[in-house]
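K.L.:
Dock chain B against the given chain A, drawing on the hints supplied.
First to last, the protein sequences are chains A and B. Using the working numbering, you'd call the opening residue of the first sequence number 1 and step up by one each time. Using the working numbering, you'd call the opening residue of the second sequence number 1 and step up by one each time.
In case anyone wonders, no lab produced these hints; they're calculated from the structure. Take these hints with a grain of salt, some might be off.
What the hints assert, rightly or not - Distance condition first, Cα-Cα at most 35 Å in a straight line; then the derived DSBU-like pairs of lysine-lysine:
{"no.": "1", "chain 1": "B", "residue 1": "Lys30", "chain 2": "A", "residue 2": "Lys300"}
{"no.": "2", "chain 1": "B", "residue 1": "Lys30", "chain 2": "A", "residue 2": "Lys272"}
{"no.": "3", "chain 1": "B", "residue 1": "Lys243", "chain 2": "A", "residue 2": "Lys47"}
{"no.": "4", "chain 1": "A", "residue 1": "Lys47", "chain 2": "B", "residue 2": "Lys2"}
{"no.": "5", "chain 1": "A", "residue 1": "Lys208", "chain 2": "A", "residue 2": "Lys239"}
{"no.": "6", "chain 1": "B", "residue 1": "Lys148", "chain 2": "B", "residue 2": "Lys84"}
{"no.": "7", "chain 1": "B", "residue 1": "Lys30", "chain 2": "B", "residue 2": "Lys84"}
{"no.": "8", "chain 1": "A", "residue 1": "Lys115", "chain 2": "B", "residue 2": "Lys192"}
{"no.": "9", "chain 1": "B", "residue 1": "Lys198", "chain 2": "B", "residue 2": "Lys148"}
{"no.": "10", "chain 1": "A", "residue 1": "Lys115", "chain 2": "B", "residue 2": "Lys48"}
{"no.": "11", "chain 1": "B", "residue 1": "Lys104", "chain 2": "B", "residue 2": "Lys243"}
{"no.": "12", "chain 1": "A", "residue 1": "Lys300", "chain 2": "B", "residue 2": "Lys18"}
{"no.": "13", "chain 1": "B", "residue 1": "Lys191", "chain 2": "A", "residue 2": "Lys47"}
{"no.": "14", "chain 1": "A", "residue 1": "Lys115", "chain 2": "B", "residue 2": "Lys193"}
{"no.": "15", "chain 1": "B", "residue 1": "Lys30", "chain 2": "B", "residue 2": "Lys191"}
{"no.": "16", "chain 1": "B", "residue 1": "Lys48", "chain 2": "B", "residue 2": "Lys174"}
{"no.": "17", "chain 1": "B", "residue 1": "Lys148", "chain 2": "B", "residue 2": "Lys23"}
{"no.": "18", "chain 1": "B", "residue 1": "Lys18", "chain 2": "B", "residue 2": "Lys191"}
{"no.": "19", "chain 1": "B", "residue 1": "Lys50", "chain 2": "A", "residue 2": "Lys47"}
{"no.": "20", "chain 1": "B", "residue 1": "Lys148", "chain 2": "B", "residue 2": "Lys30"}
{"no.": "21", "chain 1": "B", "residue 1": "Lys191", "chain 2": "A", "residue 2": "Lys115"}
{"no.": "22", "chain 1": "B", "residue 1": "Lys243", "chain 2": "A", "residue 2": "Lys272"}
{"no.": "23", "chain 1": "A", "residue 1": "Lys300", "chain 2": "B", "residue 2": "Lys191"}
{"no.": "24", "chain 1": "A", "residue 1": "Lys115", "chain 2": "B", "residue 2": "Lys50"}
{"no.": "25", "chain 1": "A", "residue 1": "Lys272", "chain 2": "B", "residue 2": "Lys193"}
{"no.": "26", "chain 1": "A", "residue 1": "Lys272", "chain 2": "B", "residue 2": "Lys191"}
{"no.": "27", "chain 1": "B", "residue 1": "Lys23", "chain 2": "A", "residue 2": "Lys300"}
{"no.": "28", "chain 1": "A", "residue 1": "Lys47", "chain 2": "B", "residue 2": "Lys198"}
{"no.": "29", "chain 1": "A", "residue 1": "Lys47", "chain 2": "B", "residue 2": "Lys23"}
{"no.": "30", "chain 1": "B", "residue 1": "Lys2", "chain 2": "B", "residue 2": "Lys193"}
{"no.": "31", "chain 1": "A", "residue 1": "Lys47", "chain 2": "B", "residue 2": "Lys178"}
{"no.": "32", "chain 1": "A", "residue 1": "Lys272", "chain 2": "B", "residue 2": "Lys23"}
{"no.": "33", "chain 1": "B", "residue 1": "Lys18", "chain 2": "A", "residue 2": "Lys272"}
{"no.": "34", "chain 1": "B", "residue 1": "Lys18", "chain 2": "B", "residue 2": "Lys84"}
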Amino acid sequence: MENLDFYAVDTSLSEEERAVRDSVRRFVDERVLPIIGHCYVEGRFPKELIPEMGALGLFGANLPEDYGCAGLNNVAYGLIMQELERGDSGVRSFASVQGSLVMYPIFAFGSEEQKRRYLPLMATGEVIGCFGLTEPDFGSNPAGMITTAKEQGDGSYVINGAKMWITNGSTAHVAIIWAKIGTDQDSIRGFLVPTDSRGFSAKDQKGKLSLRASDTSEIVLQDVCVPKGNLLPKSGGLKSPLMCLTQARYGISWGALGAAMACFEEATSYAKQRVMFDRPIGGFQLQQHRLAEMLTEIVKAQLLVLHLGRLKDAGTYTPQQVSLAKRNNVNMATDIAREARRLLGANGILAEYASMRHMENLESVYTYEGTHDVHTLILGQAITGLNAFN
Amino acid sequence: MKIAVCIKRVPDTETRIKVAGTKIDETGVKFIANPYDEFAVEAALQLKQKSGGEIVAISLGPDSAQETIRTALAMGADRGVHLKTDGQPYDTLSVAQALAVELKGYDLILLGKMAIDDYNHAMAPALAEILGLPCVSAVTALTIDGAKGTAEREVEGGTEVLSFPLPAVISTDKGLNKPRLPTLPGIMAAKKKPMESKPAALGAARVTVRSLALPPERPAGRIIGEGAAAVPELIRLLQTEAKVL
Numbered sequence: 001m002e003n004l005d006f007y008a009v010d011t012s013l014s015e016e017e018r019a020v021r022d023s024v025r026r027f028v029d030e031r032v033l034p035i036i037g038h039c040y041v042e043g044r045f046p047k048e049l050i051p052e053m054g055a056l057g058l059f060g061a062n063l064p065e066d067y068g069c070a071g072l073n074n075v076a077y078g079l080i081m082q083e084l085e086r087g088d089s090g091v092r093s094f095a096s097v098q099g100s101l102v103m104y105p106i107f108a109f110g111s112e113e114q115k116r117r118y119l120p121l122m123a124t125g126e127v128i129g130c131f132g133l134t135e136p137d138f139g140s141n142p143a144g145m146i147t148t149a150k151e152q153g154d155g156s157y158v159i160n161g162a163k164m165w166i167t168n169g170s171t172a173h174v175a176i177i178w179a180k181i182g183t184d185q186d187s188i189r190g191f192l193v194p195t196d197s198r199g200f201s202a203k204d205q206k207g208k209l210s211l212r213a214s215d216t217s218e219i220v221l222q223d224v225c226v227p228k229g230n231l232l233p234k235s236g237g238l239k240s241p242l243m244c245l246t247q248a249r250y251g252i253s254w255g256a257l258g259a260a261m262a263c264f265e266e267a268t269s270y271a272k273q274r275v276m277f278d279r280p281i282g283g284f285q286l287q288q289h290r291l292a293e294m295l296t297e298i299v300k301a302q303l304l305v306l307h308l309g310r311l312k313d314a315g316t317y318t319p320q321q322v323s324l325a326k327r328n329n330v331n332m333a334t335d336i337a338r339e340a341r342r343l344l345g346a347n348g349i350l351a352e353y354a355s356m357r358h359m360e361n362l363e364s365v366y367t368y369e370g371t372h373d374v375h376t377l378i379l380g381q382a383i384t385g386l387n388a389f390n
Numbered sequence: 001m002k003i004a005v006c007i008k009r010v011p012d013t014e015t016r017i018k019v020a021g022t023k024i025d026e027t028g029v030k031f032i033a034n035p036y037d038e039f040a041v042e043a044a045l046q047l048k049q050k051s052g053g054e055i056v057a058i059s060l061g062p063d064s065a066q067e068t069i070r071t072a073l074a075m076g077a078d079r080g081v082h083l084k085t086d087g088q089p090y091d092t093l094s095v096a097q098a099l100a101v102e103l104k105g106y107d108l109i110l111l112g113k114m115a116i117d118d119y120n121h122a123m124a125p126a127l128a129e130i131l132g133l134p135c136v137s138a139v140t141a142l143t144i145d146g147a148k149g150t151a152e153r154e155v156e157g158g159t160e161v162l163s164f165p166l167p168a169v170i171s172t173d174k175g176l177n178k179p180r181l182p183t184l185p186g187i188m189a190a191k192k193k194p195m196e197s198k199p200a201a202l203g204a205a206r207v208t209v210r211s212l213a214l215p216p217e218r219p220a221g222r223i224i225g226e227g228a229a230a231v232p233e234l235i236r237l238l239q240t241e242a243k244v245l
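The shape of chain B in the complex, shown without the other chains:
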């Protein structure tokens, strides 16, 4: 089975983010592989362990995206493809068009249900649409049996079980698996695995970011009194100030 895993380089959520215009200021920001994409890499590795095949890690972005591809190679992917751009493009459809060019001929395309930097949740459906393939998004269980697959999704109050034919585009959610850490020999081996870099054939970008702002700082909490005597004032503030009652 030939599996493609799309993986994106994103800022570590533990880093303190500063905004610079319509982008984040990357100075001193640590970048990691998108955690939802790590579920996709792990799923691919488990499928390969079971039934063999090849795993190709694909990332679109500036040269630094190669580092993220090497993370997937260190985890066990076989080779990498870097689709090179200047900076990280925002428009999902434009990126999907570039990725789709590269994603022909795979039995399975795996990627995270969203990237933790833009929260768009749109890439898997966009790819499936362009490639004309079935798509199951945000899966928490996945089995492949020959040319058919079964996946589970968490829906409001229950679990949905879906079946689909291969090839297919599957986006992965938390709960699917526990991604392995790159081992130290794996990190050394990743340097020797093939990595192809070529310009990304981005589609026309129609969505642009107009502004980016950090959430307002929350005001400090205050103590309005103690015990039952404080209740009337608390209710008044919840009604008039917080407007939640």
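Chain A with its partners taken away, still in its complex shape:
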């Protein structure tokens, strides 16, 4: 592991940040790594880990202690995501969705009563959530969503529409559904929809070749009626779900780093042990070049997210800075996973090794939460002031 801190980044972490990282690292080593390869092949999310993750305080860990959360800073939160994705992107995705996409909007846009009701139970993992923004025909362009919530005479809402690519969709007890109460994007609101509501159905999306240890579902809402009290009162316009995505993307930029570390560590260990032409393949220039490139990119990514985390803690970060980190770190992790898989030769295609699993997972991470291309255009707009989307 010593190569994973080549730039002594640990010296820039506080004692408590390191303690958090070490606790989650041990959890992943002891509980996730021994089973995750099997879960991936079987195509199942290891639900049995949810209570332990809750007891450890992993969910919504950067939200306040008043609501049963750990009250950590954003660097510690990022380190949690890094360590979870060192295990598997699916496990990290579960925590990202629970914390950044469900607990965060309840915290940011919910009423005090909603916060008291949901956050403590979600912190322990007793209540699981999912986030419904993306639709079959509206991915990168969420403003075009067709899901509607029509206000009734008694103040309740009737929701109709379909959502797709919903992590935790079939596992969740409550879904945050984004729907238009009018016709334009300013009328987008968030609703807390219990998944046992009449007219709510979730179907597992079969045939995934990526994020296999994760529940990805399609949700259909047919005349789902929710009381007025289920509207997130402070949500308003497309800006609200985008604020959630900024939180999640921040975590993803750390998470991808964890996947890259896992691949680099596996590749390094393999290169030192695997003997070919009478010596370890790590002694050959080609493999050394691969490893040197991986390490360089990992160090850059570590410094990038650490600084971003400090900016977030200072309250001065921008969504464009998060776009840059998500775009860079997921891209570099995807490249590292592929190179690590290649270094492992034929063994690299086996589930016994982690690199190909990470490589496949990262294709999803590259695509979700703002595709790589969308983040490119966000940066393009930040640079030129010109909007390439419309």
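P.N.:
Below, chain B without anything else, positioned relative to chain A:
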């Protein structure tokens, strides 16, 4: 019940160790709580869960020992005592004398059977001797019932069951329990728990380290032949070179 847990800061065994004179070079070395002491912390927490009381985590060493104490606080210990020294002293008796000053008035003193840095296995018996208390070392099971305790130890080919009166000094072995991980709220709470730091009253050190060396690197294995034809040569080498036959 008032329980003291002694806990030591040690290098992570997964770190690549480099020797600098008679010490290890601490540059870039990750430090952890001694794993055998974690069994002691966990045992204390389980006893407290059952019958209440207070758990005090005590560590002797330089300022960095406070970090190790906070690990025990994050796991659930109530308060910490740091006995401050310059560097980590080696002489067991000298350290035991300093710890013993602090360990008066406890019902139970728990610590690992050894620290993974010096492998001395001597601290628990030394403390018990100084304090005049019964000692059971390397326990793999522990129950406390009022003022009496029962402990099990693994001995060659079997298990030994011992009983003892409190107060007592108990050293803990692998197999006693599975130490809990510090939870994230626990890590935050640890910062607010009381920690007292005072100079350690070390006894005179009489044992010193003269030299410290890494084990010699093992030579690479070699293939001397295949199948039955290789056996005579293998036997010859095992007799003349490895000298194991």
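K.L.:
Each hint should be assessed against the structure and marked as holding or not.
P.N.:
Hint by hint, here is what the structure shows:
1. A hinted pair counts as satisfied when its Cα atoms are at most 35 Å apart, and B/Lys30 with A/Lys300 qualifies at roughly 22 Å.
2. The hinted pair formed by B/Lys30 and A/Lys272 meets the criterion: a straight-line CA distance of about 22 Å does not exceed 35 Å.
3. For the suggested pair B/Lys243 and A/Lys47, the alpha carbons sit about 54 Å apart, so the restraint of at most 35 Å is broken.
4. Proposed proximity of A/Lys47 and B/Lys2 is contradicted: the alpha carbons are some 39 Å apart, above 35 Å.
5. For the hint linking A/Lys208 to A/Lys239, the alpha-carbon distance of about 30 Å falls within 35 Å, and the restraint holds.
6. With a C-alpha separation of about 33 Å, the suggested pair B/Lys148 and B/Lys84 falls inside the 35 Å cut-off, and the hint holds.
7. Using a Cα cut-off of 35 Å, the hinted pair B/Lys30 and B/Lys84 holds, with the two alpha carbons roughly 20 Å apart.
8. At most 35 Å may separate the alpha-carbon atoms for a hinted pair to count; A/Lys115 and B/Lys192 meet this at roughly 26 Å.
9. This hinted pair checks out: B/Lys198 and B/Lys148 have alpha carbons roughly 32 Å apart, not beyond 35 Å.
10. Annotation: proposed proximity of A/Lys115 to B/Lys48 holds, straight-line Cα distance about 33 Å (limit 35 Å).
11. Annotation: proposed proximity of B/Lys104 to B/Lys243 is violated, straight-line Cα distance about 53 Å (limit 35 Å).
12. As the CA atoms of A/Lys300 and B/Lys18 are separated by approximately 27 Å, the hinted pair is consistent with the 35 Å bound.
13. A C-alpha spacing of about 32 Å is found between B/Lys191 and A/Lys47, which places the hinted pair at or below 35 Å, so the restraint holds.
14. Of the supplied pair hints, the one linking A/Lys115 and B/Lys193 holds, its CA atoms being roughly 28 Å apart against a limit of 35 Å.
15. Under the criterion of a C-alpha separation no larger than 35 Å, the hint pairing B/Lys30 with B/Lys191 is consistent with the structure, at around 21 Å.
16. Proposed proximity of B/Lys48 and B/Lys174 is supported: the alpha carbons are some 20 Å apart, at most 35 Å.
17. Between B/Lys148 and B/Lys23 the CA atoms are separated by roughly 42 Å; this puts the pair beyond 35 Å, and the hint is violated.
18. Restraint check for B/Lys18 and B/Lys191: the C-alpha separation of about 32 Å stays at or below 35 Å, so the hint holds.
19. With a CA separation close to 30 Å, the supplied pair B/Lys50 and A/Lys47 stays within the 35 Å bound.
20. Restraint check for B/Lys148 and B/Lys30: the C-alpha separation of about 39 Å exceeds 35 Å, so the hint is violated.
21. A C-alpha spacing of about 26 Å is found between B/Lys191 and A/Lys115, which places the hinted pair at or below 35 Å, so the restraint holds.
22. This hinted pair checks out: B/Lys243 and A/Lys272 have alpha carbons roughly 30 Å apart, not beyond 35 Å.
23. For the proposed pair A/Lys300 and B/Lys191, the alpha carbon gap of about 31 Å is at most 35 Å, so the pair holds.
24. Of the pairs offered as hints, the one joining A/Lys115 and B/Lys50 holds, with about 34 Å between alpha carbons and a cut-off of 35 Å not exceeded.
25. For the given pair, A/Lys272 sits about 45 Å from B/Lys193 by alpha-carbon distance, which is inconsistent with the 35 Å threshold.
26. Between the alpha carbons of A/Lys272 and B/Lys191 the distance comes to roughly 41 Å, so the proposed pair goes past 35 Å and is violated.
27. A distance of roughly 34 Å separates the Cα atoms of B/Lys23 and A/Lys300; the hinted pair therefore holds under the 35 Å criterion.
28. About 47 Å separates the Cα atoms of A/Lys47 and B/Lys198, which puts this hinted pair outside 35 Å; it is violated.
29. Pair hint A/Lys47 plus B/Lys23 does not hold up; C-alpha atoms about 46 Å apart against a cutoff of 35 Å.
30. For the hint linking B/Lys2 to B/Lys193, the alpha-carbon distance of about 17 Å falls within 35 Å, and the restraint holds.
31. For the hint pairing A/Lys47 with B/Lys178, the CA-to-CA distance comes to about 22 Å; that is within 35 Å, so the pair holds.
32. For the hint pairing A/Lys272 with B/Lys23, the CA-to-CA distance comes to about 28 Å; that is within 35 Å, so the pair holds.
33. Restraint check: the Cα-Cα separation between B/Lys18 and A/Lys272 comes to about 20 Å, which is no more than 35 Å; the hinted pair holds.
34. Taking the CA atoms of B/Lys18 and B/Lys84, the gap is about 25 Å. The hint holds against a cut of 35 Å.
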